[in-house]
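A.B. asks: Here is how the chains run, residue by residue.
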Amino acid sequence: MPENQLQPEKWVDNYADYLFNYTISRVGDTELAKDLVQETFIAGLKSSKNFKGDAAERTWLIAILKRKVIDHYRKINSKKGKAEVRINYSTDEDEGNWLEERVADPFSKGGDGAIENEELGIAIQDCISKLPAKQAMVFTMKTIQGISTEDICNELGINPSNLWVMIHRARTALMGCMNKNWF
Amino acid sequence: MLCTKSQYGAATWWELLQLKIFIFFWKECSEFSQRNTKFTSLCERAELNALSEKEKAEMKKKLEEEF
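Protein sequence lines correspond, in order, to chains A and B. Under this note's numbering, residues 1 to 183 are what the first sequence spells out, in order. Under this note's numbering, residues 1001 to 1067 are what the second sequence spells out, in order.
The hints are simulated quantities; they were obtained by calculation from the structure and are not laboratory data. A virtual CB, placed ideally from N, CA and C, is assigned to each residue, including glycine. Hints are not guaranteed to be accurate.
Covered by chain A, according to a simulated footprint, are these stretches of chain B (three or more residues, beta-carbon under 8 Å) [stated by the list, open to error]:
no.: 1; region: 1016–1022
no.: 2; region: 1027–1041
no.: 3; region: 1047–1053
For each label pair, taking beta carbons as the anchor points, the in silico distance ranges come out as [to be verified]:
no.: 4; chain 1: A; residue 1: Asp35; chain 2: B; residue 2: Thr1040; range: 28 to 38 Å
no.: 5; chain 1: A; residue 1: Glu155; chain 2: B; residue 2: Arg1045; range: 49 to 59 Å
no.: 6; chain 1: A; residue 1: Asn162; chain 2: B; residue 2: Ala1057; range: 21 to 31 Å
no.: 7; chain 1: A; residue 1: Asp29; chain 2: B; residue 2: Arg1045; range: 13 to 23 Å
no.: 8; chain 1: A; residue 1: Ile122; chain 2: B; residue 2: Glu1053; range: 16 to 26 Å
Chain A with its partners taken away, still in its complex shape (with noise of 0.2 Å):
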């Protein structure tokens, strides 16, 4: 009897946003991402006869997901064709160490910052996965995507306070849950 099964009828609500957050990382555009992570779950159904249940079902979406991205990048730069590298020997700069200020910043802390950001959101999103559905929804709705909280209250039929409260518990239950994986 295989550990982990698969429950496609709930991908969307428990992975989507993992797996949107996941994507849209590593391709930089919103609408590829949703494409992405849609033709995963398609994938995921079309190939779940192959899932053998050794892993967890979001693992396995996961590694659908990075073939679908190494995928999408492969189709891209077959398109381009080869590279071409040319160096503008411009005389318009001054002389002496032009090549060296065309060098990137050896010291410069953009790329891991820009890394650890990444690795840190998908942290904060495996947290929330872990909440009770209505408190992931409220606090996402609020948080994420800023929705007010009059539209919050007459979208899901909850007053104010029922709001605040959701959004309290779920805020204590992620700060809990970054203490033990992220600090």
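Based on these hints, arrange chain B on the given structure of chain A.
C.D. replies: Same frame as chain A, but now just chain B:
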């Protein structure tokens, strides 16, 4: 909960005053407030994204068509 509301700029001036009093007198409240503020800055740093309920509904519909 006042602390949580203040993180979203949703606390009234009276609630903010109450919060400041609680933070001043109770160490636990002060510590919670600091953790809450730190968590807010983490969320901002992470630049989180989420699909809207409409977008998720469309995804579910496409997935159901494949079923």
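A.B. asks: Going through the earlier hints one by one, which of them does the structure break, listed in rising order?
C.D. replies: 1 and 5
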